[in-house]
Amino acid sequence: MERFEINTVGSAVECIHDTSLDSSDEEESVKVGSRLKLFSERARQTGKASPKKIDVSDGYINFDMDAFGESSATATLQKERLNAVDELLATKSIAHQPGFNQLHCLPHSDLSKKKARQLRKIEREKTKGDLWFNMPATEVTEEVRRDLEVLQMRSVLDPKTFYKKNDLKVLPKYFQVGRIVDNAADFYHSRIPKKERKRTMVDELLADAEFQHKSKQKYKEIVAEKQQYNSRAHRHSKRLKRKK
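Taken in order, the sequence shown gives residues 38 to 281; the numbers are from this note's numbering.
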């Protein structure tokens, strides 16, 4: 029998032929030898073949980095933000105002510190501040004043509904008047027609028949109570005169 030993060094395969075995296993040794030759040829071809390149474009990791370790998209976004800030500062700069090149000296304010402080205070009082989203001090006209008074007396409009007590006893200085936009789905069943709509809240209350009935009834109760109190006071004054 022939014995074969395999020594692999890198990609090469070395076969050692040993004839010390019996001749009865000659067929089997031939098969083993042919397989070893085929294995050695495949190993040589694999060693000569160039390694495959790995495609990293399909992964989630972005290898497109700059020198500071940031991606190109992030660097572009930061540059755009810096450019926007520079443009804003350039527009607010005094050097970009019209007619600046024709001035012989830089403009300066003739106001004193006290006057400038007063002007800044007036500008601050025009709005409520950043915490209130710069709510403006709306001009109080006669119609607006009546609407605000009605809102302060809202507990009289519907006695069955509980309303929180007013925070201010006077009319507010900072407020805004909005408009409710009707929903298209409420066009047929819960919408007030344009003919019945009024400009102010007071006009709507005056046009409401139910509110008029309640207000007249309440007025009669107040008048009757006052008359009863006055009659008692009149009788009491008569008794005091008789005792004298």
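Think of the hints as simulated: they come from the structure by calculation, not from any bench. Note that the Cβ used here is the ideal one computed from N, Cα and C, for glycine as well. Some hints could be false.
[What the hints assert, rightly or not] Here are the simulated distance ranges between beta carbons: (1) T111 with P209: 43 to 51 Å; (2) K235 with Y200: 35 to 43 Å; (3) K235 with K278: 18 to 26 Å; (4) R81 with R118: 53 to 61 Å; (5) D240 with E117: 30 to 38 Å; (6) N220 with M172: 55 to 63 Å.
Against the structure, the hints:
1. T111 with P209: 43 to 51 Å: 47 Å, holds
2. K235 with Y200: 35 to 43 Å: 22 Å, violated
3. K235 with K278: 18 to 26 Å: Because 54 Å falls outside the window, the suggested range is violated.
4. R81 with R118: 53 to 61 Å: Holds: the Cβ-Cβ distance is about 59 Å, inside 53 to 61 Å.
5. D240 with E117: 30 to 38 Å: Because 53 Å falls outside the window, the suggested range is violated.
6. N220 with M172: 55 to 63 Å: 26 Å, violated
Going through the hint list in order, the structure does not satisfy hints 2, 3, 5 and 6.
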